[in-house]
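One letter stands for each residue in the lines below.
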Amino acid sequence: MQLRYVFTELRTGLRRNLSMHLAVILTLFVSLSLAGIGILVQREATVARDSLGDELKILVNLCTDDDPSHSPNCASGEVTADQQQRIEKEIDDSDEVASFSFQSKEEGYQRAYDQAKRSNTAAAFEGPDPVVTVERWPAAYWVTLKTPERADGIISALEGLDGVSVIKDQRKALGQIFGIMTVLKYGSWIGAGFLLFAALLQVTNTIRLAALARRREIGIMRLVGASTLYIALPFLLESLVAAVVGVALAAGVLAAFQHWGVDQALAQHVEFLPWVDWGDYTQALIGLFPPGIVILGPALTLIPTLLLTRKYVKV
Amino acid sequence: MAPHRPSRTVLSVIRFEKVTKRYPGPGRPALDQVTLDIDKGEFVYLVGTSGSGKSTALRLVLRELRPTSGRVYVAGKEINRMAGWKVPRLRRQIGTVFQDFRLLPNKTVGENVAFAQQVIGKSRREIGKVVPETLELVGLKDKADRMPDELSGGEQQRVAIARAFVNRPMILIADEPTGNLDPATSVGIMNLLGDINATGTTVVMATHDHGIVDQFTKRVIELDHGLVVRDEASGSYGFQH
Chain A
1 MQLRYVFTEL RTGLRRNLSM HLAVILTLFV SLSLAGIGIL VQREATVARD
51 SLGDELKILV NLCTDDDPSH SPNCASGEVT ADQQQRIEKE IDDSDEVASF
101 SFQSKEEGYQ RAYDQAKRSN TAAAFEGPDP VVTVERWPAA YWVTLKTPER
151 ADGIISALEG LDGVSVIKDQ RKALGQIFGI MTVLKYGSWI GAGFLLFAAL
201 LQVTNTIRLA ALARRREIGI MRLVGASTLY IALPFLLESL VAAVVGVALA
251 AGVLAAFQHW GVDQALAQHV EFLPWVDWGD YTQALIGLFP PGIVILGPAL
301 TLIPTLLLTR KYVKV
Chain B
316 MAPHRPSRTV LSVIRFEKVT KRYPGPGRPA LDQVTLDIDK GEFVYLVGTS
366 GSGKSTALRL VLRELRPTSG RVYVAGKEIN RMAGWKVPRL RRQIGTVFQD
416 FRLLPNKTVG ENVAFAQQVI GKSRREIGKV VPETLELVGL KDKADRMPDE
466 LSGGEQQRVA IARAFVNRPM ILIADEPTGN LDPATSVGIM NLLGDINATG
516 TTVVMATHDH GIVDQFTKRV IELDHGLVVR DEASGSYGFQ H
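Protein chains in written order, with the working numbering: chain A, 1 to 315; chain B, 316 to 556.
Where hints are given, some of them may not hold.
Quick look at which bits of chain B chain A covers, simulated, 3 or more residues with Cβ under 8 angstroms [unchecked claim]: (1) 393-404; (2) 433-439.
Keeping only pairs whose Cα atoms sit at most 35 angstroms apart, straight-line, the calculated DSBU-like set for lysine-lysine is [said to hold, decoys possible]: (3) Lys311/A with Lys422/B; (4) Lys311/A with Lys392/B; (5) Lys311/A with Lys333/B; (6) Lys456/B with Lys444/B; (7) Lys533/B with Lys458/B; (8) Lys533/B with Lys456/B; (9) Lys311/A with Lys437/B; (10) Lys458/B with Lys444/B; (11) Lys437/B with Lys422/B; (12) Lys401/B with Lys456/B; (13) Lys89/A with Lys168/A; (14) Lys146/A with Lys105/A; (15) Lys533/B with Lys355/B; (16) Lys444/B with Lys533/B; (17) Lys401/B with Lys311/A.
These are computed hints drawn from the structure, not numbers from a lab. Note that the Cβ used here is the ideal one computed from N, Cα and C, for glycine as well.
Start from the sequences and build out the full structure, keeping to the hints where you can.
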């Protein structure tokens with residue numbers, strides 16, 4: 001297939017419809033940026049939930065030797081097997097509890113270490129004489145509640161038990177945080193949805209006008225036996241160029257958000273939350289579900305172009 | 316009115332077998348049970364008043380339309396059942412010339428002719444060889460760099476013929492090629508079409524031009540309200556009893 005004509009028509013088409021293509025690029029850029037932020041917020045919620053639990057969970061830390069909480073429940077030192085058994089029975093018997101799981105010292109330590117690495121605060125875990133060690137890390141029970149409103153019974157039952165160091169009840173704080181994240185996530189996606197729809201309409205108009213402007217050439221191409229693909233190729237390439245530029249701009253905005261917004265600002269000032277990292281940024285670009293912007297951008301321009309050109313350049 | 320000429324299918328490049336074409340809405344069919352054969356190398360006039368079915372017949376050959384019933388064969392292939400993706404290949408065997416020339420105003424004469432080769436993937440080398448040859452054939456060798464609006468009507472039609480012939484098609488369809496031209500210029504176009512026919516290309520020309528048909532005597536197929544009313548091996552425009 002000789003592509004010289006196709007690339008000539010591509011250049012002509014981009015030049016002829018420059019303002020329309022710029023409009024598509026701008027709309028696509030803003031909508032993909034919003035979609036990408038929505039994906040990052042969703043991933044942040046997942047990361048936070050994995051690390052801190054969610055508003056349905058409470059964390060029951062068990063006593064260690066020289067427990068830093070200085071709780072009277074830890075007077076005898078590290079939690080014993082009998083004490084642990086009693087605590088587990090109390091949790092299991094509670095009608096406020098949906099499920100629970102045990103987290104060993106090693107598991108808890110590793111989890112905390114991973115979170116610290118994400119937020120660049122792992123210094124306490126590292127070095128020849130680290131402050132935080134496996135031995136000092138408490139084993140714990142993650143208790144999942146049936147409803148976030150009913151937990152007072154189990155909390156008061158556990159508070160007085162020997163072997164229980166601290167009960168971390170973050171329902172209100174996490175509830176608010178996850179609530180804000182949900183609003184941000186859906187807000188971004190709704191905004192992105194409207195703008196992506198606008199981009200779709202602009203692509204449709206651009207194709208329609210381009211086909212109208214090229215109707216003489218298209219008519220002759222059909223008559224002399226050019227294939228549908230060959231006729232449609234300049235249109236497809238124009239859409240692809242718009243998509244690539246839009247995606248590149250949105251990727252740049254998301255990278256700036258990740259670097260200045262998350263790494264330099266949020267992660268430094270809100271240390272109790274683990275934050276999304278460059279791996280999550282990559283997922284926002286090329287993830288499959290939800291589709292990243294590298295998939296979303298071209299799909300939104302190429303699919304309507306393919307459908308419309310079939311209509312306008314039908315042999 | 317029965318056609319005079321018996322059909323011979325051995326060398327047929329175009330064959331209609333009881334072809335009927337109805338457009339949506341009330342009224343007579345555009346073509347009504349039309350059966351005809353056109354052999355390789357023939358020059359055929361398709362005559363008739365407006366609405367007689369000439370353009371419909373040509374569009375059926377180009378597979379721009381499908382018959383309501385009956386069969387259309389081009390180069391031995393039944394084209395009404397042809398898959399859409401094969402239609403471009405069919406059309407590469409058919410060159411088309413129109414009354415309004417249909418040149419691309421922003422391309423030179425040479426570029427207009429080369430366009431027909433570019434869009435079917437011919438190499439630059441091939442195009443560089445064939446286009447000048449074709450322009451020479453139509454008498455426009457020295458006008459390759461002119462724009463269409465710098466040419467006369469006759470010259471523009473020659474460019475259109477060059478574009479239609481540059482791929483050396485099996486069939487050349489001309490839909491009123493002299494419709495916008497004066498008699499003297501029309502004669503020049505007819506001579507050119509005759510030269511093309513002499514190379515073995517089948518020419519089918521729809522026309523209202525009495526003078527041309529009577530002057531350049533060829534086979535005449537006359538349509539009237541979708542029916543073939545005359546098919547003479549060497550006919551004039553008007554019906555002769």
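task = Of all the hints given earlier, name the ones this structure violates by number, lowest first.
result = When the structure is compared with the hints, none of them turns out to be violated.
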